[in-house]
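Peer 1: So the chains spell out like this:
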Amino acid sequence: MLITTESGISHLVEPCRLHRRVYTDPAIFELEMERIWGRAWIFIGHESQVPRPGDYFTTNINHRIPVVMVRDRDGLVRVLHNRCAHKGAKLVDKRSGNVRAFRCCYHGWTFGTDGKLLKIPNEKGYDGTGMDPKDPQWNLRPVAQHASYRGFVFATLDEKAPDLVTWLGGAAACFDNLCDRAPEGEVEVAGGVLRYDHACNWKMFLENLNDTHHPQTTHQSVVDAALDYISTLPPDAAKQREEAEIIPPFGGSYENFEKSGITGFAYGHHYDGGKTSIHSGYSVNPVYRDAMVNAYGEERTQEILSFNTHNTCYYPSLTIKTAIQNIRVVRPIAVDRCVVETWSFRLKGAPPGMLQRTLLYSRLINSVGSMVGPDDLEAYMRMQQGLQSPASEWVEMYREFGRDTDMGDRIVGTGTSDLDMRTQYRAWRHYMLGEVA
Amino acid sequence: MNTGDALLKQAEALLYREADCLDRADLPAWMELYSEDGTYWMPAAPEQEDPLNHISHFYDDRVMMEIRRRNFVHPRAASKDHTVRCSHLIGNIRITAEDAVAGSCTVHSNFHAMLYYREEKRLYGGRYEHVLKQGASGLLIQRKRVDLIDCDAAHKSLIIYL
Numbered sequence: 117m118l119i120t121t122e123s124g125i126s127h128l129v130e131p132c133r134l135h136r137r138v139y140t141d142p143a144i145f146e147l148e149m150e151r152i153w154g155r156a157w158i159f160i161g162h163e164s165q166v167p168r169p170g171d172y173f174t175t176n177i178n179h180r181i182p183v184v185m186v187r188d189r190d191g192l193v194r195v196l197h198n199r200c201a202h203k204g205a206k207l208v209d210k211r212s213g214n215v216r217a218f219r220c221c222y223h224g225w226t227f228g229t230d231g232k233l234l235k236i237p238n239e240k241g242y243d244g245t246g247m248d249p250k251d252p253q254w255n256l257r258p259v260a261q262h263a264s265y266r267g268f269v270f271a272t273l274d275e276k277a278p279d280l281v282t283w284l285g286g287a288a289a290c291f292d293n294l295c296d297r298a299p300e301g302e303v304e305v306a307g308g309v310l311r312y313d314h315a316c317n318w319k320m321f322l323e324n325l326n327d328t329h330h331p332q333t334t335h336q337s338v339v340d341a342a343l344d345y346i347s348t349l350p351p352d353a354a355k356q357r358e359e360a361e362i363i364p365p366f367g368g369s370y371e372n373f374e375k376s377g378i379t380g381f382a383y384g385h386h387y388d389g390g391k392t393s394i395h396s397g398y399s400v401n402p403v404y405r406d407a408m409v410n411a412y413g414e415e416r417t418q419e420i421l422s423f424n425t426h427n428t429c430y431y432p433s434l435t436i437k438t439a440i441q442n443i444r445v446v447r448p449i450a451v452d453r454c455v456v457e458t459w460s461f462r463l464k465g466a467p468p469g470m471l472q473r474t475l476l477y478s479r480l481i482n483s484v485g486s487m488v489g490p491d492d493l494e495a496y497m498r499m500q501q502g503l504q505s506p507a508s509e510w511v512e513m514y515r516e517f518g519r520d521t522d523m524g525d526r527i528v529g530t531g532t533s534d535l536d537m538r539t540q541y542r543a544w545r546h547y548m549l550g551e552v553a
Numbered sequence: 006m007n008t009g010d011a012l013l014k015q016a017e018a019l020l021y022r023e024a025d026c027l028d029r030a031d032l033p034a035w036m037e038l039y040s041e042d043g044t045y046w047m048p049a050a051p052e053q054e055d056p057l058n059h060i061s062h063f064y065d066d067r068v069m070m071e072i073r074r075r076n077f078v079h080p081r082a083a084s085k086d087h088t089v090r091c092s093h094l095i096g097n098i099r100i101t102a103e104d105a106v107a108g109s110c111t112v113h114s115n116f117h118a119m120l121y122y123r124e125e126k127r128l129y130g131g132r133y134e135h136v137l138k139q140g141a142s143g144l145l146i147q148r149k150r151v152d153l154i155d156c157d158a159a160h161k162s163l164i165i166y167l
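One line per chain: the protein sequences are A and B, in this order. Per the numbering used here, the very first residue in the first sequence carries number 117; after that it's consecutive. Per the numbering used here, the very first residue in the second sequence carries number 6; after that it's consecutive.
These aren't lab readings, by the way, just hints derived from the structure by calculation. Certain hints may be false.
To be verified - In silico DMTMM-like cross-links for lysine to aspartate or glutamate, where the CA-CA straight-line distance does not exceed 20 Å:
hint	chain 1	residue 1	chain 2	residue 2
1	B	Lys138	B	Glu103
2	A	Lys206	A	Asp230
3	B	Lys14	B	Asp25
4	A	Lys375	A	Glu516
5	B	Lys161	A	Asp313
6	B	Lys161	A	Glu457
7	A	Lys355	B	Asp66
8	A	Lys203	A	Asp251
9	A	Lys210	B	Asp157
10	B	Lys126	A	Asp313
11	A	Lys210	B	Asp155
12	A	Lys355	A	Glu371
13	A	Lys355	B	Asp42
14	A	Lys355	B	Glu41
15	B	Lys138	B	Asp10
16	B	Lys126	B	Asp155
17	A	Lys210	A	Glu163
18	A	Lys210	B	Glu52
19	B	Lys138	B	Glu52
20	A	Lys464	A	Glu414
As the list claims (entries may be wrong) - Chain A stretches covered by chain B per the calculated footprint, using a threshold of three residues with CB under 8 Å from any CB of chain B:
hint	stretch
21	350 to 364
22	463 to 475
Glycine residues also receive a C-beta, built at the ideal position from the N, C-alpha and C atoms.
In isolation and in its complexed conformation, chain B is listed as follows (with noise of 0.2 Å):
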């Protein structure tokens, strides 16, 4: 196996690890894919240039998952009284740019997200972005944007990472 594919693998390991933590809705373990500058954003338009100068769904750092995750298993955050069950499927995964000396890269991918919620079953799905680098025991995922198709719609509350 050549290093390409080997860096392909550890990436495809780690998107497929990071969906099945919020297919369980386990947002400590979530964090710990992150590296401590990671950053998760979710655009509220088609091609969005930043995340600052623009309005996103989402843009955390570490202190709003820091946040985020001891509100979600807060007993009184009603919104949280429902389970929210999550199925994710990842495809497509390629590496668009690597930097070999540094090991780091940026992955993209497609997604559809099932999720159920409210009693309700919905489904999201787009195209992921992921820019990985090396940690100390490996890849992590120092930033991720998620790219719903239809992202400038109206949209209910979304209460977990996709």
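Chain A extracted, bound-state conformation (with noise of 0.2 Å):
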């Protein structure tokens, strides 16, 4: 069987079995940057990055396709490729900064913000030539669609792809709750970034997100190691006992787990939680609520701070933590390899204390020295080992299948259920092979 022919991929996945090759099969990864990857909306930056006129930012759409959001002089954020119009060179290199207009480094054609081409030295070299500098085909091209909401930009390379807010649907309300976690009602990014290289194929950290079932495994040492050492503590040691308590969450339970729920959308976003989550336990800042409530008012304070998801992905670039106010961003570099970014938001209005609850939370999760995410990525690299095997050609996701209701723009789950799983491998059967998200 020719593994990528439309049939060959199509047998790939199945409703509750995949195929492991869409694992570990380097031309499945090439159809996926070009078939996901080149027709998703791709998450690229926030707003709040370039605030300034001539303020640019630089990252990949995937791993080799460079580009860079700037906001032009009109204060208009754009998204254009990441190369020169003349010899191909990548005009900026460095990952963020400020121009007055983009010159390249090999012969010196410069464009201005909006990508317009500005000037090349020695022009008259071209004259009468055929070649008209004034040609836009001469200008930065822009990506096919860009487009922000509530300052989060993605872009993508498909000029058919659907409206960004059609494609992000109801789970645009978890970016609705993140900024609204601001009393301003805006967030900006803030406190740099870490960047975790994974030995692992990219779905398998979009796909671990919301496995409700392996935190009592996988995050088992760390919360025996914690709960030890809160017993140590002598009962005046409320200081020890606060920070050490932010930890066992991570080993939630699964009857925890189950009444969180999962909620799943087309084109492969879903989310845990809603009304409880493993975040919900912790307490609120007093500063912050008391700023909540004079910007809200009481009801309307409860009913954001009460939506609680625990992961949101919007499939396949980005997920985000509403509660936390954190996000990772994943580049997928080979079949077997991925970068993954944390970046956290400040609450535009909330006491300085919100930022580095999110940035602690940040440093003891995500981190490439935290005691949490080495033993997840442990896991992934093992799959990524294992899955070479031929013992099975198979991988499950049966659980509740059969039980999850769909309530016509969303389906809904046990929190335990793989239906995470299940929505986004609809997805990739929708970009991969055409069929409905």
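Hints given; two lone chains; assemble the complex.
Peer 2: Structure representation (structure tokens):
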């Protein structure tokens, strides 16, 4: 069977089973880059990263297509291909900065922050050659579409992709909740970024986010370690106890997760939690709560803070934690490698302690030196290795199959359902085979 | 030997002892070299100003050290199934600030740490800053800052202090 034919691909993903090649075959990976990462809306950055005209931020749409998010002279945020229109050199190679114009390091072609070609040195050599410097083909090319939702900037290479709001669907409520958690209704990127090199297929990271059956096993050691330490503390060691108690929720029980529920949408988006999540036990900073009540009133504050999701996945490039205010940005590198970045957000109008809490959380859970993330990654790396074995061709995702509820724009299941997996692979088939999302 | 040289000798001995504890992955012995208010910090950005308003790879106080040393030897911590072997080299040790009255000082040094983990050899390098203070029986580490030269790069899991 030639795996990259349409019928070959369609046999890789069944309603409750996946062929191991979706994780291990370099040809499938290349097709995913073209059909998933080349068609979906990919998270680029946040408008707060480019506050002034000329500010830019560079990233890749997938592992190899460089783009630059830039605020032009008129204040409009654009996403342009980071490629000189002349010989193709990357125009900007720093992660971020400010420019009056983009000047190529090779032959000095210079472009405005709106992408328009401004200058070719020694331009007279083109006179009468048929090359017209005024032709828009010599401008920096914008990506096929870019748009932002409450400051979160996405781009797609597919001009036929549905508009961003349609694509986000009901999962947009999580962006709303993240921003509404700010007394001023806006968030901004703050406190730097963590970059974590993952020796695994990019899908394994996404599939773990709302896998509620792993924490009790994978994170048992750190929970035991924290509980053992807490048991040694004298009664008056309140400060130490408070700090150590951040850890145990990461080994959340099956029962707790059952209650939190999983919700799946079109295009692979999904979240777990809603009324309750592993984060709902954390106390609310009273100064922050007062600022919220001043801004929104008691009832609305209660409503905002009680929408308590754990992870929301915007398939395939972004996951957000609304209650914690951090996000993770995924970039595939190869069939067995991806980089996961953790960014943190400041809630505008909230006391400074809130950002410190977000950063504390990011460090304890998502850093390379944390006691949680490395055990997750260990499991992904072992899957990447184990799936080389022909012992079985299949990976299962049957849990709670047939017991999820279709609500029209979303499907809802118990918190330990494999609904999150099935939601992602419905989207996988949509992008790879043109099926309904 | 004047007092400055004596202090430098003591500081060097402490840094070497610390490196030896980490080379042997003996975290309980390593913790004893830290004061009760001791902290271990590995920033995630060059020239990072503080550990609370910017993300870091590590910022452990005694509470997290206590949890980490227990987790490190837990039989069910899968990422610790693989032995970690480390070899530290420390050089250019110099005292950059000193409070003769309190007996405390700040020590800067450069380090290379060769680490073997998951069938792979890795090289970490950068600069240490140790703030040392006098304890009941000699110098203790009050603050350690580890500035990796590639602190803002994508890193693999780092399951032991450097």
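Peer 1: Evaluate each hint against the coordinates.
Peer 2: Hints, one by one, checked against the model:
no. : hint                  : verdict
1   : B/Lys138 <-> B/Glu103 : holds (10 Å)
2   : A/Lys206 <-> A/Asp230 : holds (16 Å)
3   : B/Lys14 <-> B/Asp25   : holds (16 Å)
4   : A/Lys375 <-> A/Glu516 : holds (14 Å)
5   : B/Lys161 <-> A/Asp313 : holds (5 Å)
6   : B/Lys161 <-> A/Glu457 : holds (12 Å)
7   : A/Lys355 <-> B/Asp66  : holds (12 Å)
8   : A/Lys203 <-> A/Asp251 : holds (16 Å)
9   : A/Lys210 <-> B/Asp157 : holds (13 Å)
10  : B/Lys126 <-> A/Asp313 : holds (16 Å)
11  : A/Lys210 <-> B/Asp155 : holds (15 Å)
12  : A/Lys355 <-> A/Glu371 : violated (29 Å)
13  : A/Lys355 <-> B/Asp42  : holds (13 Å)
14  : A/Lys355 <-> B/Glu41  : holds (14 Å)
15  : B/Lys138 <-> B/Asp10  : holds (16 Å)
16  : B/Lys126 <-> B/Asp155 : holds (17 Å)
17  : A/Lys210 <-> A/Glu163 : holds (18 Å)
18  : A/Lys210 <-> B/Glu52  : holds (18 Å)
19  : B/Lys138 <-> B/Glu52  : violated (24 Å)
20  : A/Lys464 <-> A/Glu414 : holds (19 Å)
21  : 350 to 364            : holds (count 4)
22  : 463 to 475            : holds (count 4)
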